[in-house]
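**Student:** Could you build the full structure based on these sequences and the hints that come with them?
The sequence shown: position 72 = 441 (the working numbering), numbered continuously.
One should not assume that every hint holds.
With a cut-off of at most 25 Å between alpha-carbon atoms, the simulated DMTMM-like pairs for lysine to aspartate or glutamate come out as follows [claimed, not checked]:
1) 502 x 489
2) 498 x 432
3) 502 x 432
4) 502 x 492
5) 498 x 375
Cβ pair distances, simulated, as ranges [to be verified]:
6) 395 x 500: 57 to 63 Å
7) 495 x 465: 40 to 46 Å
8) 372 x 436: 14 to 20 Å
9) 495 x 398: 50 to 56 Å
10) 395 x 447: 37 to 43 Å
11) 389 x 534: 20 to 26 Å
12) 440 x 506: 21 to 27 Å
13) 516 x 463: 24 to 30 Å
14) 402 x 437: 43 to 49 Å
15) 526 x 379: 29 to 35 Å
Honestly, the hints are just simulated from the structure, not real lab data.
The beta carbon of each residue, even a glycine, is placed where N, CA and C say it ideally should be.
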Amino acid sequence: MNAFSDGVFAVIITILVLELHPPREANFEALLELWPTAISYTISYAFIAIVWVNHHHLLRFPDAATQRLIWGNFAHLFAVSLIPFATAWIATTRLSAAAVAFYAGDFFLVNLTYLLLCLEAVDRSAPHKVEPKVRSMMRMRSFGTLAVFAAAGIAALRYPIAGMVLICLCLFVYLSPARIIGASDGSGQIQSSRS
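**Tutor:** Here it is as structure tokens:
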């Protein structure tokens, strides 16, 4: 399941890159006019990378691929697969309110499906591998970022730039999965994220 998911993430990043189009004019001013594309591409690329790292880290906990885990994984990958579409819409509309709100909504969906995946991968499949305190922190982090993504979508309807800022703030929360998600080694210490 991990290998399949890695392949899907690779395809999603490839699709994201294929949406980049060079300017028609041969000058730097034309390149600067592509700032909405550059911003949305950079945020999306970073977000996909962060999601992949967290996803890869999360799937090391379950001992077996249950039906719930497989379908939860498919739901999560579906939400991530919408990122190139949302990114292209932001770029072509130059950060329009509707496009940024949809972008935030997709990030909300990615985070919601990640939370469901966490519940299956850790809480149901391998609760003995993660301390209750750490599981609680995982849920708090997920619910907190869900709230911020929802706020970003609502704010974007009136202030698209503010919506993008809120989206970027959420990305920092997920930069290091080892700080929040860790397996107990029996001594109460959190192991590193390396398998």
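**Student:** What are the numbers of the hints the structure violates, in ascending order?
**Tutor:** none
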